[in-house]
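Asker: Single-letter residue listing:
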Amino acid sequence: GAVVSQHPSRVICKSGTSVKIECRSLDFQATTMFWYRQFPKQSLMLMATSNEGSKATYEQGVEKDKFLINHASLTLSTLTVTSAHPEDSSFYICSASADRHYGYTFGSGTRLTVV
Amino acid sequence: GENVEQHPSTLSVQEGDSAVIKCTYSDSASNYFPWYKQELGKGPQLIIDIRSNVGEKKDQRIAVTLNKTAKHFSLHITETQPEDSAVYFCAARGGGTASKLTFGTGTRLQVTL
Chain A
453 GAVVSQHPSR VICKSGTSVK IECRSLDFQA TTMFWYRQFP KQSLMLMATS
503 NEGSKATYEQ GVEKDKFLIN HASLTLSTLT VTSAHPEDSS FYICSASADR
553 HYGYTFGSGT RLTVV
Chain B
249 GENVEQHPST LSVQEGDSAV IKCTYSDSAS NYFPWYKQEL GKGPQLIIDI
299 RSNVGEKKDQ RIAVTLNKTA KHFSLHITET QPEDSAVYFC AARGGGTASK
349 LTFGTGTRLQ VTL
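So the sequences go chain by chain: A and B.
All letters in the first sequence, in the order written, are residues 453 to 567 by the numbering used here.
All letters in the second sequence, in the order written, are residues 249 to 361 by the numbering used here.
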């Protein structure tokens with residue numbers, strides 16, 4: 453079945469630094485990738501949608517200059533949290549889809565802690 | 249945009265009993281309705297999905313029903329087992345060219361011995 457690999461699974465960084473999270477589709481070409489944020493005991497909130505080779509579409513209220521998304525190939529998307537602050541601490545999850553008639557495969561998530 | 253409501257927020261059942269989780273959606277053009285199971289510290293795992301041209305789908309102990317007229321869909325788990333304990337999310341994909349999923353608020357299912 454479709455597999456999405458997300459790394460790192462956990463990361464701790466100092467306030468003011470940047471962190472990059474990778475999301476790879478291992479056995480299919482992901483034309484669209486999605487990035488979600490999940491706070492404890494809450495639902496998944498979509499941050500942005502990215503199509504390969506295009507600029508990401510950010511949801512309302514998500515700062516595009518703070519959360520940089522790159523989808524340079526059909527198998528890799530990255531989320532960079534720039535100038536991280538403690539309030540950015542959260543569980544970040546990526547999802548990939550081959551096309552809109554296909555299903556969605558989720559990564560295992562990244563626990564980001566900003567100290 | 250799409251709005252998905254999910255009930256109940258918590259559900260406790262005894263092992264062997266059935267569990268039902270219900271969701272409603274707002275966009276009548278929504279055409280795809282997946283259900284995910286999420287264990288602590290992990291990403292969501294698809295357990296079953298249904299498309300808008302189907303009213304019911306079953307996979308062993310898990311079934312999903314869809315009522316397009318009422319705009320609601322439900323997850324049914326029979327013969328529950330302790331390993332079914334997790335958080336379950338419903339989601340809906342809107343119509344048109346949009347491909348994003350909108351998630352419900354989640355149901356924490358606890359299966360007790």
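Because the hints were derived from the structure by calculation, they are not lab data.
Values in this document were obtained by computation on a predicted structure and should not be read as measured data.
Check each hint, because a few of them may be wrong.
To be verified - On the chain A side, residues computed to face chain B include the following (Cβ under 8 Å):
1) Phe486
2) Leu496
3) Thr501
4) Gly561
As the list claims (entries may be wrong) - With a straight-line cut-off of 25 Å between C-alpha atoms, the simulated PhoX-like cross-links for lysine-lysine are:
5) A:Lys472 <-> B:Lys316
6) B:Lys306 <-> B:Lys270
7) B:Lys285 <-> B:Lys348
8) B:Lys285 <-> B:Lys270
9) A:Lys518 <-> B:Lys348
10) A:Lys507 <-> A:Lys472
11) B:Lys348 <-> A:Lys507
12) B:Lys319 <-> B:Lys290
13) B:Lys305 <-> B:Lys348
14) A:Lys493 <-> B:Lys270
15) A:Lys493 <-> B:Lys290
16) A:Lys466 <-> A:Lys507
17) B:Lys285 <-> A:Lys493
18) A:Lys493 <-> A:Lys507
19) B:Lys316 <-> B:Lys306
20) B:Lys290 <-> A:Lys472
21) A:Lys516 <-> B:Lys348
22) B:Lys285 <-> B:Lys316
23) A:Lys466 <-> B:Lys290
24) B:Lys305 <-> A:Lys493
25) B:Lys290 <-> B:Lys316
Backbone N, C-alpha and C define an ideal beta-carbon position, used for all residues, glycine too.
Asker: Taking the hints in turn, state whether each one holds.
Answerer: Now the hints, each set against the structure:
no.	hint	in the structure
1	Phe486	holds, 6 Å
2	Leu496	holds, 5 Å
3	Thr501	holds, 6 Å
4	Gly561	holds, 5 Å
5	A:Lys472 <-> B:Lys316	violated, 41 Å
6	B:Lys306 <-> B:Lys270	holds, 16 Å
7	B:Lys285 <-> B:Lys348	holds, 18 Å
8	B:Lys285 <-> B:Lys270	holds, 14 Å
9	A:Lys518 <-> B:Lys348	holds, 21 Å
10	A:Lys507 <-> A:Lys472	holds, 17 Å
11	B:Lys348 <-> A:Lys507	holds, 16 Å
12	B:Lys319 <-> B:Lys290	violated, 29 Å
13	B:Lys305 <-> B:Lys348	holds, 22 Å
14	A:Lys493 <-> B:Lys270	holds, 18 Å
15	A:Lys493 <-> B:Lys290	holds, 13 Å
16	A:Lys466 <-> A:Lys507	violated, 28 Å
17	B:Lys285 <-> A:Lys493	holds, 14 Å
18	A:Lys493 <-> A:Lys507	violated, 31 Å
19	B:Lys316 <-> B:Lys306	holds, 18 Å
20	B:Lys290 <-> A:Lys472	holds, 19 Å
21	A:Lys516 <-> B:Lys348	holds, 18 Å
22	B:Lys285 <-> B:Lys316	holds, 23 Å
23	A:Lys466 <-> B:Lys290	holds, 24 Å
24	B:Lys305 <-> A:Lys493	violated, 29 Å
25	B:Lys290 <-> B:Lys316	violated, 31 Å
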